[in-house]
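Given these sequences and hints, build the entire structure.
The residues making up each chain are set out below.
There are 2 protein chains.
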Amino acid sequence: MAMNVAQKLIDAHLAQGRMHPGEPIALTIDQTLTQDATGTMVMLELEAMGLDRVKTEVSAQYVDHNLIQEDNKNPDDHRFLQSAAARLGVWFSRAGNGVSHPTHQQHFGKPGKTLLGSDSHTPAAGSMGMLAIGAGGIDVAMAMAGEPFHLKMPEIWGVKLTNALPDWVSAKDVILEMLRRHGVDGGTGRIIEYYGPGLASLSAMDRHVIANMGAELGATTSVFPADEAVRDFLESVGRRDDFSPLEADEGADYDVHETIDLANVVPLIARPSSPGNVVPVREVAGEELTQAYIGSSANPGYRDFAIAAEMVKGRQVSDWVSFDVNPTSRSILETLTRDGHVLSLLGAGARLHQAGCNGCIGMGQAPANDTNSLRTVPRNFPGRSGTREDRVFLCSPETATASALRGKITDPRDLDFDVPRVGNPSDPIVDTRNLMPPLPQSESSRVQLIKGPNIASLPEFEPIGDDLELTILLKMADDISTDEIMPAGNEVLPYRSNIPRIADFCFGPVDADYVGHAHDSGDHAVIAGRNYGQGSSREHAAIAPRYLGLRVVVAKGFARIHWQNLVNFGVLPLRFDSDADYDALEAGQTLRLSGLHQALEDGDTVTAETPQGAVTLRHDLTPRQVEVLLEGGLINWMKRHRDG
Amino acid sequence: MAMNVAQKLIDAHLAQGRMHPGEPIALTIDQTLTQDATGTMVMLELEAMGLDRVKTEVSAQYVDHNLIQEDNKNPDDHRFLQSAAARLGVWFSRAGNGVSHPTHQQHFGKPGKTLLGSDSHTPAAGSMGMLAIGAGGIDVAMAMAGEPFHLKMPEIWGVKLTNALPDWVSAKDVILEMLRRHGVDGGTGRIIEYYGPGLASLSAMDRHVIANMGAELGATTSVFPADEAVRDFLESVGRRDDFSPLEADEGADYDVHETIDLANVVPLIARPSSPGNVVPVREVAGEELTQAYIGSSANPGYRDFAIAAEMVKGRQVSDWVSFDVNPTSRSILETLTRDGHVLSLLGAGARLHQAGCNGCIGMGQAPANDTNSLRTVPRNFPGRSGTREDRVFLCSPETATASALRGKITDPRDLDFDVPRVGNPSDPIVDTRNLMPPLPQSESSRVQLIKGPNIASLPEFEPIGDDLELTILLKMADDISTDEIMPAGNEVLPYRSNIPRIADFCFGPVDADYVGHAHDSGDHAVIAGRNYGQGSSREHAAIAPRYLGLRVVVAKGFARIHWQNLVNFGVLPLRFDSDADYDALEAGQTLRLSGLHQALEDGDTVTAETPQGAVTLRHDLTPRQVEVLLEGGLINWMKRHRDG
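Chains as they are written, first to last, in this note's numbering: chain A, 2 to 645; chain B, 2 to 645.
Incorrect hints may appear among the rest.
[Said to hold, decoys possible] Part of the chain A face toward chain B, derived, beta carbon under 10 Å:
hint : residue
1    : 74
2    : 324
3    : 325
4    : 334
5    : 338
6    : 363
7    : 367
8    : 369
9    : 372
10   : 390
11   : 391
12   : 434
[Stated by the list, open to error] Computed list of chain A residues with no C-beta within reach of chain B, every gap over 10 Å:
hint : residue
13   : 15
14   : 17
15   : 19
16   : 29
17   : 153
18   : 204
19   : 237
20   : 335
21   : 348
22   : 578
23   : 613
Simulated from the structure, these hints should not be mistaken for laboratory data. We treat Cβ as the ideally placed atom computed from N, Cα and C, and that holds for glycine.
Structure below.
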């Protein structure tokens, strides 16, 4: 069968299942990527599993998110991660080395490989002919332990690119065009594969921009072939031997088809407050702004900064615009410095920040209240910038810089000078000195984990009992989000590495007394309506209630990721067979489940005794999931699996 | 009479009084400096006074403190300050231009001038043959309105410098030697004047280091003559015409005498957690560290970064040390970039931060818990770094960098390479493009103030009563700093323009229950030991407790600026006549003051009834200060003054 690039990547890593869209498959994982905001939990999970050394070809831990150190918690986490990386045979990229995605691409990007990352923009590595997928922390922990990654086979969406981009239009406008056409859920259940003659004019870093922000379409990932552009990139970073071509077979087809004529793409901009609100820049031109922001994994390349530098060289940004420059990696910052671009940016009035994610994730650089901020970042959800009344636009470096110069939103084609000719250098600085390679096992096994006072080991969870008697502590409505189960925000997030402490905030927005009641009751259940656990994928929303004794959630329906997270941490998710039973049950009543193990193994229903009589509940679990659940979650399952 | 430099400066600006140490004097002020942490309050005060345009030769507003933007509050303040500067005829230095002190020196430093700044390190400009004094915001507001500055004539402390510094020893070690000899209150009531043949080897920026950190001795200010070094500096920044010589007369004398033989100075370090805990570096050598930090107004010069860059060039900082580089001005960062030093620092593993005060004031870069951090900053008060269990050492760039390389505290003389020969460049980049000059009055009068939602009016304070009955809410030890009275850091500083909100953090490091108790008690007193209110000049340390009902502080002694701030906002500062009374009094007891107004006007003592009987307290106030105090502070006084 003639295969496209995505199919070739999946076929080469298929551990279970068949490549039929919608069917469950499992993929072997070659590489993993973790960052500091999610990595501490991953490392604590690996500690709990008792893993000595990762089983992947490459696992890399980046420190790029929590770079503002207001107190000891962030630097303590950095030290913990460094010690965990040293102990587990993981590459460690220290604070200041930059954002995971471009750094990973430079050092480890390799055609034909799979990458699983605990960051939603992991698909950026699709630029290198890799299959790169974002996942929850414990999924990445499992991959580091050598387990395959489970998902449903996506559809493959072929996007044919023709011709080449005009002056002042760049890769960011291509992905904005995709978002303009399809919105923020247009890619759900799909892998986007770019192909066609238009690829010839897109460098590997341009493709990174497009693959990265494919996450905003809801796609599983995006892939590009490994062609000349990828070979050029690898050659420029001194890794020509890591190149191998990977292209679609002659006659390969796609499940869905799309064409973009690059010559017709214009400068685009996503208006507040969704990456899907895309319009031509000229439609909003003339509005004043107070901030122009370049950088982030959605425009990380040398070119993306160099073109801004050439545009402002000898000119001056508007007095009323904060022009925030966020280098994306140490290597790129060094190269920009060497080549004089940093000097041009500074002279024009830029604020030069340390290399990292920074304002893209609300880590500083919040804009002034109710004023326009133009950013090259991938997301502009309301308040993500840190400012509650924010007005964040997403655009290319060309548009952001043109607008900084004019003090008004400006289509770069309307500037009074010619587009600077800037490419990626053939001799970039590749800073390998500040990336710490895995220790040999003889040394790593002696490394002790360094835990600051806020880093607590994961609590151990015992297997679920065969006979349960559980008080229903909460009865919740439809559409409860993980933000209501486990709030985020400044007050809570610092405790991300401390389950006992973060558990104090569980269900706070739903019922301020839940935590106290849970401490009194011990093991308990909650009931909920439809779409329970929608929103953020944070696994704390399963771990922390489990820590407080939550053993069973009965709902009319579950959001997919939270449902998986509950199983992963040993909480049984059950569905009402009849909505009438939801209506009849009340908080404070008792659920009794008897012979639960057998019931889960033998069928898809469980019977609960309640004050209203027997109630039928459904579980929807695969046999593997039943096994995981009966063990008390994936960590226990892994321990037995490994030891047995 | 033969005069020294300090006397000449005072004599030329004497508006009231005589130059007899201890007598009240008033000085005309040529220049003012405000920064963003204190400046919003200054601008609100000027707005309240109805000022149209500043009356000084130069007033400059810097944005250097609150650069981390977690939400809209900081950028809203920056915009408010920019609009206020435009309205009032004030120079505006935007975020990213760097720390006020080196920036002011480069653009406005001028021999023979007086400078009043709402920042305790304003004395740095003493390096230029200026009389530069730190003061509370409202004193600076008064100076901007053309009022003279009131103080007591200090003693002049002549410090003769002989010979020259040895290799690896630099200006920071000179001021650390002063602190080693005299501690954190050794300069109280004094101006330190440096003279002698040792000056020849100290550049203007070296002198900046020494004058800046003279604040840590409690000195009113430090002065240097305007000699060849000052002329060279002004010539290098293109302002040769602003030079005029200013040297002590032949035969001039000092009130106090001191000699430092520079040849005998060794690398020194202040241990946690006071700038006065100074020991030779070799005494603590070998201890591990997790952070080395260069920058801040206490080591702001090109040389201070260039020597670090030359030391690490082609080398690597320890894997376990965060090497934080904080450029102090845009111009210096541009020059370091041009000259290749930024590249050397990055290649060695530095984290390069935006130009500004940053971690020096707890604005990010907090160290890991209970680990050593070596910093070139001027202060290491407990918790100032942001980490409660911090261990911050103060040292030269040479010592910080040597320690970063080794991963252990290291005397730079013990390195295995020669000291790099680095000076200040004769052709520094002087970035004037990003400094906004005052608008002509025809334009400025049309500018509207831009106020974000967090900028609140000043609370009104009623005059102090004649009979007071006050519970003592706190009994504090010696050397309580304004960081303990009104903490800074990123949690607190965003509320600097909002007194009711910032008051919630008052005395937090001393007693977490103070705010609650103050709400319960209403009007109250606190007692303290020596040197109460040392450190930062922030007037919030007076206004916010006053807002909570603080009416009287009784201490064994006060730091000058805080003492003045208390008076300015209507809080009565009293001194124990006998230290035994401090020992006898306890928190929770009651102070009764009767016939207070008459007592203050008639003499220098006040009698308090206490459970231990009558206690004699001294007030040290000038008649003008008594008047201000009885009005309820300077704003009330100004309103009556202007209206009457």
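Given residue 325(A) was flagged as interface, is its beta-carbon under 10 Å from a beta-carbon of chain B?
-> Holds, about 9 Å.
Taking 10 Å as the cut and beta carbons as the points, is residue 17(A) off the interface with chain B?
-> 40 Å, holds
Should the interface hint for residue 363(A) be scored as holding, given a Cβ-Cβ cut-off of 10 Å against chain B?
-> 8 Å, holds
Does residue 391(A) pass the interface hint, meaning its C-beta sits closer than 10 Å to a C-beta of chain B?
-> Because about 8 Å separates residue 391(A) from the closest Cβ in chain B, which is inside the 10 Å limit, the hint holds.
Do the numbers back the hint for residue 372(A), that is, is its least Cβ distance to chain B under 10 Å?
-> Holds, about 8 Å.
10 Å Cβ clearance of residue 237(A) from chain B | It holds; residue 237(A) is separated from chain B by about 18 Å at its closest Cβ, greater than 10 Å.
Taking the closest Cβ pair, is residue 74(A) under 10 Å from chain B?
-> 8 Å, holds
Status of the hint placing residue 334(A) at chain B (closest C-beta pair under 10 Å) = Constraint on residue 334(A) satisfied, holds at 6 Å.
Least C-beta distance from residue 204(A) to chain B larger than 10 Å | Correct as stated: the minimum Cβ-Cβ distance to chain B is 24 Å, above 10 Å.
Does the claim that residue 19(A) lies off the interface hold, with its Cβ farther than 10 Å from every Cβ of chain B?
-> 46 Å, holds
Would the hint on residue 369(A) stand, with a C-beta cut-off of 10 Å toward chain B?
-> For residue 369(A), the interface hint holds, since the closest Cβ of chain B sits about 4 Å away, which is under 10 Å.
Any Cβ of chain B at or closer than 10 Å to residue 578(A), or is the non-interface label fine?
-> About 47 Å separates residue 578(A) from the closest Cβ of chain B, which puts it past 10 Å; holds.
Going down the numbered hints, you'll see the structure goes against 20 and 21, while the others check out.
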